[in-house]
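Asks: Sequence:
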Amino acid sequence: MLKPKVVGVIDVVIGLLQLIYISVVGVWVVPRLTKLYGQLGQSQTVLLPTYLVLGLLVLLGTTNLLHGLRLTNVGPDSSHHHRFTQTAVTLLAVNLVLGSLLVGVVIYSSLLPLSSLGPAVTGVR
Numbered sequence: 000m001l002k003p004k005v006v007g008v009i010d011v012v013i014g015l016l017q018l019i020y021i022s023v024v025g026v027w028v029v030p031r032l033t034k035l036y037g038q039l040g041q042s043q044t045v046l047l048p049t050y051l052v053l054g055l056l057v058l059l060g061t062t063n064l065l066h067g068l069r070l071t072n073v074g075p076d077s078s079h080h081h082r083f084t085q086t087a088v089t090l091l092a093v094n095l096v097l098g099s100l101l102v103g104v105v106i107y108s109s110l111l112p113l114s115s116l117g118p119a120v121t122g123v124r
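Under numbering that gives the first Met the number 0, the first residue of the sequence shown is numbered 0, with each subsequent residue one higher.
Read the hints as simulated data drawn from the structure, not as lab findings. Here the structure is a predicted model, which means the values were calculated and not measured. All C-beta atoms, glycine included, are put in the ideal place defined by N, C-alpha and C. Be a bit skeptical, because a hint or two may be false.
As the list claims (entries may be wrong) - Listed next, with one range per pair, are the computed distances between beta-carbon atoms:
hint: 1; residue 1: L16; residue 2: G37; range: 50 to 56 Å
hint: 2; residue 1: T71; residue 2: L111; range: 38 to 44 Å
hint: 3; residue 1: S114; residue 2: V8; range: 39 to 45 Å
hint: 4; residue 1: L15; residue 2: Q38; range: 33 to 39 Å
hint: 5; residue 1: L113; residue 2: H81; range: 46 to 52 Å
hint: 6; residue 1: G40; residue 2: T86; range: 45 to 51 Å
hint: 7; residue 1: L111; residue 2: T86; range: 32 to 38 Å
hint: 8; residue 1: T89; residue 2: W27; range: 30 to 36 Å
hint: 9; residue 1: V26; residue 2: K2; range: 31 to 37 Å
hint: 10; residue 1: L51; residue 2: S114; range: 37 to 43 Å
Please model the complete structure; the sequences and the hints are all you need to start from.
Replies: As structure tokens, this is what we get:
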């Protein structure tokens with residue numbers, strides 16, 4: 000049986016790493032891409048899917064972080080001890096699978112408009 004404190008710490012670490020990734024992408028990468036796309040005449044709404052997926056990742060990361068913190072504070076003689084541990088392991092598995100897929104979607108949706116810029120930048124029609 001998994002110890003709740005260990006699962007809680009893993010949840011907190013995964014949640015923090017996910018929130019750090021989101022903040023780096025949201026604060027530095029996406030604004031620079033928005034500026035680049037604006038200079039090249041692309042629509043400003045081209046990165047809207049990226050922001051929507053980042054919002055889902057914020058929700059997943061925050062849920063993981065808060066549930067992990069709650070799990071680290073559960074006493075060993077608590078009646079919710081086993082249920083919290085099972086929920087945390089399930090949440091961690093869902094977060095890792097869904098988070099991995101969503102990170103791929105963020106990268107794809109951020110860089111996809113660059114493929115349509117090729118002919119516009121080189122002047123080829």
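Asks: Broken hints, numbered, in rising order?
Replies: 1 and 10
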